[in-house]
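My request is simple: use the sequences and hints to build the entire structure.
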Amino acid sequence: MGPLPRTVIEAFLPFAGHAELDLVYQAGNAAGIEDQPLRLAIRRMIAAGEITQDGRGRRGRLALTDAGRRRLARDRLGLRLALAQDRGEAPWDGTWRLLAVSVPESERAVRDALRRDLADAGAAVVSTGLYVSPHDLSAMVGGGNLVRAVATSLDIRGVTSPPEIAELLWPALPIVEGYQVAERAISGSEDTGVPVVTRQILLADALERAMRDDPLIPLELRPADWAPSRIRRRWLDAWTRLAARLPEEVVYRGWLEPSRSR
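So the sequence shown is numbered by our numbering: it starts at 16 and just counts up by one.
Treat the hints loosely; a few may be bogus.
Label pairs and their computed distance ranges (CB to CB) [claimed, not checked]: (1) Pro52 to Ser153: 34 to 40 Å; (2) Ala88 to Thr207: 33 to 39 Å; (3) Pro238 to Val165: 24 to 30 Å; (4) Leu183 to Arg248: 25 to 31 Å; (5) Glu264 to Pro106: 29 to 35 Å; (6) Ala82 to Gln41: 38 to 44 Å; (7) Asp151 to Ala258: 29 to 35 Å; (8) Gly203 to Gly109: 37 to 43 Å; (9) Ser142 to Ala242: 27 to 33 Å; (10) Arg85 to Pro238: 30 to 36 Å; (11) Gly17 to Pro106: 34 to 40 Å; (12) Arg227 to Leu183: 20 to 26 Å; (13) Gly203 to Phe30: 25 to 31 Å; (14) Phe30 to Asp108: 26 to 32 Å.
Derived from the structure by calculation, the hints contain no laboratory data.
All figures in this text were calculated on a predicted structure; none of them were measured in a lab.
The C-beta atom is built at its ideal place from N, Cα and C for all residues, glycine as well.
Rendered as structure tokens:
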């Protein structure tokens, strides 16, 4: 499975400055993506207000808008949380965050969008309009349409043990299975017949796919030797080896900076 066109585009987008479209197209072509899917993805991102384009064709340049920077920042929050968990630097504080959606029926579109945001952030539904997470989701889900509370104990249909609650609300098996794509990418990352930048993009795309449905439940609530954590450590080792083969960062500039200080 090749990377998504959007993944290739985002790989070159710095938080400040521009991405040269010629590099985007070259990297996409090397990863097996033709120009047309890349052009369509660029148009969709422009229409969504996430990027702007200056110039035409391969001589053009892309830049993030404020909305695009906010979206990428939210995505990278998840990655940084995952890597911090893997290093033992993000212990659970023992509290559950309860979030209730409080939107009148007349604003159904706002309510539905908020529910999607909560689900995307990894919160689980425990009752109609009521969500729970072991994480503070304020940085990912904002607005004044939520009622928030914290609890040090939780009883969900008679289940009170925190690890059992985690398994009930966020079952382990589909999450673990989702990381198989990352394992395959790690195995292929030493293929010297593929350019280093292409291998980095394939690694990044695989991890994004693996983490898409991972709510990053604290490791205290998961079985010992949690497979996703082990795979992410291997992924980071593979990424670091590839990055060391280049004279400078070419893709995902600065995205792991907080994770490099150990």
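Going down the list of hints, with the structure as the test:
1. Pro52 to Ser153: 34 to 40 Å: 36 Å, holds
2. Ala88 to Thr207: 33 to 39 Å: Given a distance of about 34 Å, which is inside 33 to 39 Å, the answer is holds.
3. Pro238 to Val165: 24 to 30 Å: 26 Å, holds
4. Leu183 to Arg248: 25 to 31 Å: With Cβ atoms ~27 Å apart, the hint holds.
5. Glu264 to Pro106: 29 to 35 Å: At 30 Å between Cβs, range holds.
6. Ala82 to Gln41: 38 to 44 Å: Between alanine 82 and glutamine 41, where Cβ atoms are some 27 Å apart, the hint is violated.
7. Asp151 to Ala258: 29 to 35 Å: The hint (29 to 35 Å, Cβ to Cβ) holds, given that aspartate 151 and alanine 258 are roughly 31 Å apart.
8. Gly203 to Gly109: 37 to 43 Å: 40 Å, holds
9. Ser142 to Ala242: 27 to 33 Å: The hint (27 to 33 Å, Cβ to Cβ) holds, given that serine 142 and alanine 242 are roughly 31 Å apart.
10. Arg85 to Pro238: 30 to 36 Å: Because 35 Å falls inside the window, the suggested range holds.
11. Gly17 to Pro106: 34 to 40 Å: 38 Å, holds
12. Arg227 to Leu183: 20 to 26 Å: 21 Å, holds
13. Gly203 to Phe30: 25 to 31 Å: The hint (25 to 31 Å, Cβ to Cβ) holds, given that glycine 203 and phenylalanine 30 are roughly 29 Å apart.
14. Phe30 to Asp108: 26 to 32 Å: 29 Å, holds
The structure is inconsistent with hint 6 alone, although it conforms to all the rest.
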